[in-house]
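With the hints as constraints, model all of the structure from the sequences given.
2 protein chains.
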Amino acid sequence: MTSEFDLIRRYFHWPVHHTDLGGGDDAALLTVPPGEQLAVSTDMLVEGRHFFVDTDPAALGWKSLAVNLSDIAAMGATPRWATLALALPDDDAPWLGAFAGGLRECADAYAIDLIGGDTTRGPRTINITIFGTVPTGRAIRRSGGRPGDELWISGHPGRAALALWHLRDGIALNAPWRDDCLHALHRPTPRTRLGPALRGLASAMLDVSDGLLGDLGHILETSGCGARIDAPALPVAPLIDACGDAALARRACLSGGDDYELLFAAPAAQRPAILDASRAAGVPVTRIGQLTEREAGLVLVHADGAREALTAAGFDHFADRG
Amino acid sequence: MTSEFDLIRRYFHWPVHHTDLGGGDDAALLTVPPGEQLAVSTDMLVEGRHFFVDTDPAALGWKSLAVNLSDIAAMGATPRWATLALALPDDDAPWLGAFAGGLRECADAYAIDLIGGDTTRGPRTINITIFGTVPTGRAIRRSGGRPGDELWISGHPGRAALALWHLRDGIALNAPWRDDCLHALHRPTPRTRLGPALRGLASAMLDVSDGLLGDLGHILETSGCGARIDAPALPVAPLIDACGDAALARRACLSGGDDYELLFAAPAAQRPAILDASRAAGVPVTRIGQLTEREAGLVLVHADGAREALTAAGFDHFADRG
Numbered sequence: 001m002t003s004e005f006d007l008i009r010r011y012f013h014w015p016v017h018h019t020d021l022g023g024g025d026d027a028a029l030l031t032v033p034p035g036e037q038l039a040v041s042t043d044m045l046v047e048g049r050h051f052f053v054d055t056d057p058a059a060l061g062w063k064s065l066a067v068n069l070s071d072i073a074a075m076g077a078t079p080r081w082a083t084l085a086l087a088l089p090d091d092d093a094p095w096l097g098a099f100a101g102g103l104r105e106c107a108d109a110y111a112i113d114l115i116g117g118d119t120t121r122g123p124r125t126i127n128i129t130i131f132g133t134v135p136t137g138r139a140i141r142r143s144g145g146r147p148g149d150e151l152w153i154s155g156h157p158g159r160a161a162l163a164l165w166h167l168r169d170g171i172a173l174n175a176p177w178r179d180d181c182l183h184a185l186h187r188p189t190p191r192t193r194l195g196p197a198l199r200g201l202a203s204a205m206l207d208v209s210d211g212l213l214g215d216l217g218h219i220l221e222t223s224g225c226g227a228r229i230d231a232p233a234l235p236v237a238p239l240i241d242a243c244g245d246a247a248l249a250r251r252a253c254l255s256g257g258d259d260y261e262l263l264f265a266a267p268a269a270q271r272p273a274i275l276d277a278s279r280a281a282g283v284p285v286t287r288i289g290q291l292t293e294r295e296a297g298l299v300l301v302h303a304d305g306a307r308e309a310l311t312a313a314g315f316d317h318f319a320d321r322g
Numbered sequence: 001m002t003s004e005f006d007l008i009r010r011y012f013h014w015p016v017h018h019t020d021l022g023g024g025d026d027a028a029l030l031t032v033p034p035g036e037q038l039a040v041s042t043d044m045l046v047e048g049r050h051f052f053v054d055t056d057p058a059a060l061g062w063k064s065l066a067v068n069l070s071d072i073a074a075m076g077a078t079p080r081w082a083t084l085a086l087a088l089p090d091d092d093a094p095w096l097g098a099f100a101g102g103l104r105e106c107a108d109a110y111a112i113d114l115i116g117g118d119t120t121r122g123p124r125t126i127n128i129t130i131f132g133t134v135p136t137g138r139a140i141r142r143s144g145g146r147p148g149d150e151l152w153i154s155g156h157p158g159r160a161a162l163a164l165w166h167l168r169d170g171i172a173l174n175a176p177w178r179d180d181c182l183h184a185l186h187r188p189t190p191r192t193r194l195g196p197a198l199r200g201l202a203s204a205m206l207d208v209s210d211g212l213l214g215d216l217g218h219i220l221e222t223s224g225c226g227a228r229i230d231a232p233a234l235p236v237a238p239l240i241d242a243c244g245d246a247a248l249a250r251r252a253c254l255s256g257g258d259d260y261e262l263l264f265a266a267p268a269a270q271r272p273a274i275l276d277a278s279r280a281a282g283v284p285v286t287r288i289g290q291l292t293e294r295e296a297g298l299v300l301v302h303a304d305g306a307r308e309a310l311t312a313a314g315f316d317h318f319a320d321r322g
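Protein chains in written order, with our numbering: chain F, 1 to 322; chain W, 1 to 322.
Bear in mind the hints are in silico, worked out from the structure with no lab data behind them. Any given hint might turn out to be false.
As the list claims (entries may be wrong) - Only part of the chain F face toward chain W is listed, based on derived beta-carbon distances under 7 Å:
1) A27
2) A28
3) A39
4) S41
5) V46
6) R49
7) T83
8) A139
From a predicted model like this one, the values you see are computed outputs, not experimental measurements. Using N, Cα and C, we set each Cβ at its ideal position, and we do this for glycine too.
Structure (structure tokens):
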């Protein structure tokens, strides 16, 4: 295998734009602007579990960074720097070149400086740590939701799940929308504009990586609330176009992970400002329900008014059993 | 396997002391003090390459963090925060408990806040990203050495190599010193006091992870210098005590990695201040040579005055061929 230094130099030595000292020393150096906090998150992806040996490496490079950007956006912070640690089974230059290309494409699209890395031989594993900045005290946590706050979701979650089920289980997707779904799965779009635009508006926020209902559970648990989801309000129209099956579309929307849309709560009075933020960020948002008292639990209200109670364990019944 | 959330809660949910928001949200939040830069480094350890399946997990927990602290100290920065990403093949609670215990012992010893993590199933892999702070503009880089600067090393590098050769190749170590060597290998002591104490004194610094000569090469390359190493000045006395073989001791000192001692250059005028810093930090330092003009290359001067020229490739001849 080429030495670690050669690998890093060849594939990951990009210019930095807002970093005091990039890779190549014992540590990188950066300055957090005065009055801002640093937001930090880390995410490990393992071959065979988070991606497959035949996953397109360029898409994987994009997605590895994109899912981390999403975590920072979900705090209302702006992602700015990342480190990459990479274990590789062998010196597969074409794979590595494509992976680095996809990663750089995402880094360039979102103005992220790659400030350091580690490369080693081992089972293919990708670990990115991401850093963003947010004005002090203005991050949007999961725990700030209050009963009465309205629940919102960005975009059209479920497209990634439909793509996964298409690839894995052979469910049919209609051609004009199939590519949208595949794009959502392979090259997710982190909501890095919308997240910061919701500071001061959203009371609680996270990004949906494991499924809308499951991740909503984290808001409910930390905010001490219940919630009502209005099934007819779910933004499933494009999903129904894609798969032609309203029940499947709703299942994808409620349980599918991997779209990295933002799920957030906000007082009703913020509705106009939220729609303004959505327009400014170029990302649609949809009101899908409301936070309630904790005792009310999590309830899905169907079009006919039927109320389906979901317990925490009940989320599982929507879980992707892949 | 227990869920990711359970694992993190059970083993890694420690109180934080100088962090605005610890784990459990999309990102952690921290404040870098005004007038300071953030120093960032990342390091991936893979089972079978960096450690073995039968490595004591408590020692591994300690060492995983300690080697990262060393990178920050080598910048003259003070380590303060860390993230941990962990892939585990199965739900091996005893292993994980011991690993977490060793990691926490090191974190507590050096006042490190663990601010986030990710746990997943996969081949056992440990990735720590470490964060330190340093007054702006005062970090000690590898590239600041100048011809005439004296070369210094902290501690007694080579003990970890002797321990490795003892365990792997069966070389004999004398009992009273064997434990010191094994401790150096399994529970290295990052020089977190000495590193920051050398700000304004050392012109170039790094920590020795791959071997004194090999790592010196990084200073020479980035500083544009050559170097003379005085073989009789090498701090090998405790190594000779341990292995009873002067040649083996010198080889361990020059080529052995894994001790995480600090190798630094400084103008001769700083000698008294360096000795003061050494005393204040409680870490011995030894002058082992001098930086020279680049054209002079790297020369090892033996006790009889014989000069052994080493090329960059020549470092390899000291490399541990494990």
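Hint numbers contradicted by this structure: Result: no hint breaks.
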